[in-house]
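A.B. asks: Given next are the chains, with one letter for each unit.
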Amino acid sequence: MLPVRDKVPHVAVRIRFEKTGALQYISHLDLHRTFSRLLVRKGIPVWYSEGFTPHPRLVFATPLSVGAESLCEYMDVFVIGSAETVDKDVLRWKLTETDIDGLKVTDVYFPETKFSTITDSDYTIRIRTAGADAALAERCEAALRATPLVVCKRTKSGEKDVDIAPQIKAVAVTFDGECLVLRARLCADSMNFLNPEYLVKILKEKCAILSGDPTAEEYSILRTAVLCGEKDFR
Amino acid sequence: MNSTILKSVLKPGRYSGGEYGQIVKDKKGIDCRFAFCFPDTYEIGMSNMGMRVLYGALNAEPDIWCERVFAPWTDMQEKMREHHLPLTTLESHDPVKDFDFLGFTLQYELCYTTVLSVLQLSGMPLRAADRGEDCPIVIGGGHCAFNPEPVAEFFDLFSIGEGEEALPELCRLYIDMKKAGDYTKEKFLHAAAKLEGFYVPSLYSVDYNADGTIASFTPKYDDIPVKIRKRIVKDLNKAYYPTKTYMPYIETVQDKMTLEVYRGCIRGCRFCQAGMVCRPVREKTVDKLYDDAKCMYEHSGYDEMTLSSLSISDYSHIDELTDKFAAWATENHISLSLPSLRLDSFTRELMDKVSTVRTGSLTFAPEAGTQRLRDAINKNVCEQDLLRAVNVAYDVGKTSVKLYFMNGLPTETDEDIEGIALLAKRVIEAFYENPNHNKQRRPSVTVSVSCFVPKPFTPFQWEKQNTFDELMRKQDFLKSKITDRKIVYNYHDATVSFLEAVFARGDRRLSGALALAAEKGMQFDAWSECFDFEKWMEVFKEAGIDPHFYATRGFGLDEILPWDMIDIGVTKEFLLREREKAYAGIPSTNCREKCNGCGANKLGGERTCCP
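Heads up: the protein sequence lines correspond to chains A and B, in order. Heads up, the first sequence is in this note's numbering, so the first residue is 1 and it goes up one at a time. Heads up, the second sequence is in this note's numbering, so the first residue is 1 and it goes up one at a time.
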């Protein structure tokens, strides 16, 4: 079928947001629904696709696994109008208060880059575990710096052993007097995306962290930056 | 909620709470904390409209805080048991056991074991008699509470009928007694039993005859009613309706706006409990519905709306309503659905206005295969209605139709069952006879057949259910009659329907079997992966209960029925008259044409069509 030319003029708007708290437990698909409804509630003139089942088109930058928080998520949405007629400051103002706990819009602008230019993500993983001290932090860092670093990945075609060392760009583990603090820069381009959960998994296996009472031990994953090469993605 | 545990279970969004629209209050100003439980998974419970209504109605009171509870799935239950974590609500994450009330909405019989599982996970004794002042008052309501007897021992009291006005009143009584320093659970329950629409089972005693039937049912005090009359909301235009409500983040069964158009039903199908217990018919005005719809949309941003009722086309102003809503919906990219469309009202005009057309197939419920049986059950539709309806669908290019039927209806013969196959065949033939039919695809008809379950407060409440051997024979017989590969045949598990019948018409003695089932860890009976019929039969044997006594035995017309102490407005005399007409194969008129004197008008209210 030939592509149908859309009748209503529309322009892509990029929304940068934080996803924290209870919202970390909702999936990508859930967030899509949640955001569509939020935009409607806020009276944003969202453009609907003009096919058989019209729907708003939302595109998210990089996957974020369930159980991970983020300070820097990006989403593009099409809004009716053009770069000349749409006032991004009005949109930003309308979305300041998102009325959803854990969802905070931090910027709204017309995008000049593509999501495909994203290369890496930075994460901070805080681990509250029995026996946490500077020595354990050192052992953890060493474990994550080993090459090769083979983990069992679940893929569509079954389980597979994969060396993830090339996907870890930088890693450091410190002890802040209470928790182990793991900072890592991981590949985030679509071909080499590495889920930060694998780092926790490796430490559980090799350094026996988080092996005690789960009601006293816990960990949190926070995405702190999305990068395009050395620079922050925008 | 502990994050390590949340990260280790399926769908942690079931337990994390914090949804948009949830209500969080400052505990300092609260005199009554109400934990409201839908005894099934989050995805099922969050789809329930009744829970939304009561949640909103209770939270509309500034000194009452109502919170949500659902049954955790088995993986979460394991973690809770392992780490001794009590069941908590979603809003405050406080233990359910610390609340003033724990309410259960009882929507289907197979949730009873899950109710008990929730009590266990909350750290409370199952039986009301074993629970002290340190436990919340456990209250039940919803459709199954019209015969609450099978679960009577587990509940302190039941709310009979519509709860949006009754529950806040009950909480008010509780708060007043507490503030007056006059509260004990015993005193409170006695006082509650005097409120309209509340049944306190421990204040009534039951005696049995040698044959197992009920000999007498007696209140233990003179000042409580012998018959408990159900509550109704008098005027739906003035009653609370949740236009601002919670919205799930994770995918649930029904995640859209639901607008209740009216209550009750003018039809009176003789197998249908809802059609009797929801009487009298009370409608909302088109203006009220339109205002509510706009408010719901602005508050939620949903793109789907269901107009809900027992039979939407019977709404007095259906044309005005659908005209107004169709224009509004199109403008705002909202898809409208009318799920309870009778096939005799399905027209091209209506189809153009609603988006049920977008979904691939259309569903109709002739319920029975022959006109004789449809007359006996008072379904009041005929083959011509069905053929006309499917032709409307074929005209616009539809190719698939779903048909719902029931097996095991009273007076059913093999001829009626064969009639289902013939009717399905006629629907296929009609496709080819229709000159406008879709030329690209071949037609398909899905025939879904459930098993008849006799329900309290219906003209068929005395009927015996077919044995499951008989039901299975009928299912096989129908299968042998369906030879066309364009007809897909689905049927319900007869053993599930048997268990439904046992608990639908059971009495207090069934509490023993339920407690035993709970001890054995049985729950989620409505889930095929959890339902274990063999295990249930063992439970009945161990509890000394013959389940056939409740399901496959015809109840005597003069027998005291376990639910006789409930007054739904509709009289037993009316049900008996309807039963006789069923056996004579005579349909009844609908309420709008002519009143049949069911008795529901004595409940009052702003009625639409009763005298």
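Simulated from the structure, these hints should not be mistaken for lab results. One or more hints might be untrue.
What the hints assert, rightly or not - Partial selection, computed: residues in chain A whose CB lies under 8 Å from chain B:
#1 D30
#2 S82
#3 D189
#4 S220
Here a beta-carbon is modelled for each residue, glycine too, at the ideal position from N, C-alpha and C.
A.B. asks: Does D189(A) pass the interface hint, meaning its C-beta sits closer than 8 Å to a C-beta of chain B?
C.D. replies: violated (26 Å)
A.B. asks: The hint names S82(A) as touching chain B; please verify it with the least Cβ-Cβ distance against 8 Å.
C.D. replies: violated (21 Å)
A.B. asks: Verify the interface restraint on S220(A): the C-beta must sit less than 8 Å from at least one C-beta of chain B.
C.D. replies: holds (6 Å)
A.B. asks: Have a go at the D30(A) hint: is there a Cβ in chain B nearer than 8 Å to its own Cβ?
C.D. replies: holds (5 Å)
Comparing the model with each numbered hint stated earlier shows that hints 2, 3 do not hold.
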